[in-house]
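Number of protein chains: 2
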Amino acid sequence: MIRAADEAATAISWAGARVLVAGGLGFIGARLACRLVTLGAVVTVVDALEPQAGGNIANVADIRDQATIRIADLGDPALLRDLLPGCDVVFNLAGQTGHLASMVAPLQDLDANCRAPLALLEACRTLAPQVTVVYASTRQVYGRPIVLPVDERHPLAPVDINGVHKAAAEAYHGLYWRVHGLDTRVLRLTNTYGPGMRVKDAKQNFLGLWLRQVLEGRPIELWGGHQRRDFSYVDDTVRALLEAARVPMGQGRILNVGGCPPVSLRELAEQLLAQGGGDGGLVVSPFPSDRERIDIGDYYTDDSLFRGLTGWAPETSLAEGLRATLDYYRAALPLYL
Amino acid sequence: MIRAADEAATAISWAGARVLVAGGLGFIGARLACRLVTLGAVVTVVDALEPQAGGNIANVADIRDQATIRIADLGDPALLRDLLPGCDVVFNLAGQTGHLASMVAPLQDLDANCRAPLALLEACRTLAPQVTVVYASTRQVYGRPIVLPVDERHPLAPVDINGVHKAAAEAYHGLYWRVHGLDTRVLRLTNTYGPGMRVKDAKQNFLGLWLRQVLEGRPIELWGGHQRRDFSYVDDTVRALLEAARVPMGQGRILNVGGCPPVSLRELAEQLLAQGGGDGGLVVSPFPSDRERIDIGDYYTDDSLFRGLTGWAPETSLAEGLRATLDYYRAALPLYL
Chain U
1 MIRAADEAAT AISWAGARVL VAGGLGFIGA RLACRLVTLG AVVTVVDALE PQAGGNIANV
61 ADIRDQATIR IADLGDPALL RDLLPGCDVV FNLAGQTGHL ASMVAPLQDL DANCRAPLAL
121 LEACRTLAPQ VTVVYASTRQ VYGRPIVLPV DERHPLAPVD INGVHKAAAE AYHGLYWRVH
181 GLDTRVLRLT NTYGPGMRVK DAKQNFLGLW LRQVLEGRPI ELWGGHQRRD FSYVDDTVRA
241 LLEAARVPMG QGRILNVGGC PPVSLRELAE QLLAQGGGDG GLVVSPFPSD RERIDIGDYY
301 TDDSLFRGLT GWAPETSLAE GLRATLDYYR AALPLYL
Chain F
1 MIRAADEAAT AISWAGARVL VAGGLGFIGA RLACRLVTLG AVVTVVDALE PQAGGNIANV
61 ADIRDQATIR IADLGDPALL RDLLPGCDVV FNLAGQTGHL ASMVAPLQDL DANCRAPLAL
121 LEACRTLAPQ VTVVYASTRQ VYGRPIVLPV DERHPLAPVD INGVHKAAAE AYHGLYWRVH
181 GLDTRVLRLT NTYGPGMRVK DAKQNFLGLW LRQVLEGRPI ELWGGHQRRD FSYVDDTVRA
241 LLEAARVPMG QGRILNVGGC PPVSLRELAE QLLAQGGGDG GLVVSPFPSD RERIDIGDYY
301 TDDSLFRGLT GWAPETSLAE GLRATLDYYR AALPLYL
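Sequences listed follow chains U and F, in order. The numbering of the first sequence is full-length UniProt numbering, which starts it at 1 and goes up by one. The numbering of the second sequence is full-length UniProt numbering, which starts it at 1 and goes up by one.
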């Protein structure tokens with residue numbers, strides 16, 4: 001990895017960079033790991049393959065011989081002593097993403113979304129103090145937006161345990177930078193979709209389940225449908241993560257990353273049906289009360305800070321992204337059920 | 001316990017109320033437990049007597065035969081199944097309070113300040129959904145104030161892991177109220193001092209160590225000294241906790257509780273020396289860098305919301321409080337070393 005002495009004016013070259021991707025069998029993590037291999041990085045993937053999360057060995061089929069893959073828990077100190085020294089960049093995409101799941105099993109969410117990243121930061125501080133850590137957070141930390149689009153000054157008011165824990169983990173990264181001088185960067189991602197996402201149920205994202213429903217000729221089950229959201233195709237999100245590690249950062253190390261212009265969930269479902277040739281149609285159901293209590297309503301992102309800093313912008317339209325995703329699962333669906 | 005059917009217009013009578021005090025061998029918790037016994041409550045104290053925390057069996061000497069005392073970990077599900085059903089009020093004063101300690105051992109702080117209160121809330125939700133939970137939080141969640149005095153609208157920007165975890169625990173309480181309907185109330189306490197506080201070192205509060213230094217004729221070691229803080233005598237804090245459980249609450253269930261008018265730490269040290277007859281004097285040292293990085297500077301509280309809701313106000317001046325505290329430790333110091 002090449003980094004000039006004056007860090008403030010430099011950028012990473014990925015060729016030869018030693019990169020650890022935590023959660024690297026998951027949806028975004030695996031896509032990132034594959035991209036890093038293509039860019040010439042020396043990639044190690046760690047993933048616990050926790051059954052409720054998004055990890056799937058099929059996601060790294062293309063790089064199985066070009067990356068080191070460890071099925072292990074991030075909380076294992078021996079593992080980190082083995083993997084961290086000498087690392088240039090750690091991307092942390094490990095975690096539990098389910099909102100409802102976090103309300104049903106909050107202590108498991110605590111382990112996945114607080115204990116694990118905190119243990120990783122502690123290990124970085126002691127074993128690899130020169131490393132750059134990029135942490136994938138979520139728009140969920142904002143809760144129900146009081147103003148749209150949402151920029152980084154929006155107050156944090158999470159509506160579920162998952163959001164509380166992701167906000168705490170963000171704060172860890174801020175502290176490890178300010179107090180310990182660790183080079184941490186946090187991206188608050190919006191809804192990401194694409195090949196590799198969990199489709200067997202709605203535990204990662206409702207869109208995953210919709211994809212499955214369309215491909216199986218079943219109706220899409222839509223709750224409400226009026227909510228407007230922005231969606232990012234996974235390759236755009238991966239580029240954002242790479243940029244987050246690459247560019248020099250100033251004081252504002254927690255940055256939003258959005259997606260394409262917002263659409264309502266109903267519009268999204270209709271696009272998906274049109275593209276997927278799904279003949280199951282739409283079934284609009286009343287919002288289940290346990291989900292309604294933690295729903296955030298409309299959300300879309302103001303990510304002008306990140307765009308200004310990096311030049312990043314989404315390159316894949318929602319139509320293109322949905323098409324690519326459907327194409328992927330037409331062949332690969334059995335690997336994800 | 002008497003509570004009228006229309007909860008919004010009622011208040012607790014403590015006579016016969018079944019009350020659990022978590023952290024009830026600690027400084028504030030034990031004082032609260034003693035007061036509750038006096039008021040006729042049926043009190044159970046749970047405390048893990050974690051060596052780094054403030055628990056001390058001497059704190060409950062007066063109520064040993066009138067309360068149930070369990071030395072146990074709050075995270076033990078069997079314990080909570082035993083103690084919670086039928087409880088009217090839970091006061092949660094368990095936790096790790098050290099700021100520097102939280103930076104040195106962040107995962108232990110996570111267990112004490114996130115896992116334990118979350119496990120307690122989960123147990124309340126399932127075993128005692130009618131209970132009122134009063135959680136003792138801290139002004140540490142605000143971090144370095146950007147405006148003084150600090151009211152509840154001040155942004156949360158904790159400067160240490162302890163503050164991050166206390167903020168997360170506050171958020172749990174808010175969620176369990178909004179999502180699960182559990183009657184939770186949170187007080188953000190300022191620096192509390194008085195009989196029963198940890199004095200063997202500065203792990204609970206620097207003022208504890210100062211008390212010991214004065215009583216042992218040693219100099220008070222002062223870092224900086226210009227910082228202004230408000231201090232609450234423990235009996236005033238205990239009254240605030242009782243009020244927090246007693247009065248009907250509206251939407252604003254996270255409330256500041258301050259103390260007497262702010263003084264600089266140097267003024268505080270001088271008052272303590274004058275009252276204690278300490279001949280060791282003052283030694284002003286440079287701020288140790290590990291502490292300076294997490295110092296919050298000036299802090300004092302705007303608690304007008306809480307005062308308006310409850311009629312509470314401090315009754316013990318700093319001079320009276322310091323005198324009472326010194327008197328206590330003149331006899332009891334050996335029990336706290």
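Accuracy of the hints is not assured; some may be wrong.
[To be verified] Partner residues aside, some chain F positions facing chain U, computed with beta carbon under 10 Å:
(1) GLN66
(2) LEU121
(3) PRO158
(4) ALA167
(5) LEU175
[To be verified] With the C-beta cut set under 10 Å, the calculated list includes, among others, these residues of chain U facing chain F:
(6) ALA78
(7) LEU79
(8) PRO106
(9) LEU110
(10) ARG115
(11) LEU121
Treat the hints as calculated values from the structure; they're not laboratory data. Just so it is clear, the structure is predicted and the values come from calculations on it, not from any experiment. Cβ coordinates follow ideal geometry from the N, Cα and C atoms, glycine included.
Evaluated hints:
Checking GLN66 of chain F against chain U by beta carbon gives a least distance of about 34 Å; that is not within 10 Å, so the hint is violated. Because the closest C-beta pair between LEU121 of chain F and chain U is about 8 Å apart, less than 10 Å, the hint holds. A cut of 10 Å between beta carbons decides the hint on PRO158 of chain F: the least distance to chain U is about 6 Å, and the hint holds. Taking 10 Å as the C-beta cut-off, the interface hint given for ALA167 of chain F holds, the closest approach to chain U being about 7 Å.
Because the beta carbon of LEU175 of chain F sits about 7 Å from the nearest beta carbon in chain U, less than 10 Å, this interface hint is met. Of the supplied interface hints, the one on ALA78 of chain U is violated, with its beta-carbon coming no nearer than about 16 Å to a beta-carbon of chain F, more than 10 Å. Hint status for LEU79 of chain U relative to chain F: violated, with the closest Cβ pair at about 16 Å, above 10 Å. The interface hint given for PRO106 of chain U is met, as the beta carbon of that residue sits about 6 Å from the closest beta carbon of chain F, less than 10 Å.
Hint status for LEU110 of chain U: holds, given a least beta-carbon distance of 6 Å to chain F, under 10 Å. Given hint, ARG115 of chain U at the interface with chain F, holds; its Cβ is 6 Å from that chain's nearest Cβ, closer than 10 Å. For LEU121 of chain U, the shortest C-beta to C-beta distance to chain F is roughly 8 Å, which falls under 10 Å, so the interface hint holds.
Consistency with the previously given hints fails for numbers 1, 6, 7, ordered from lowest to highest.
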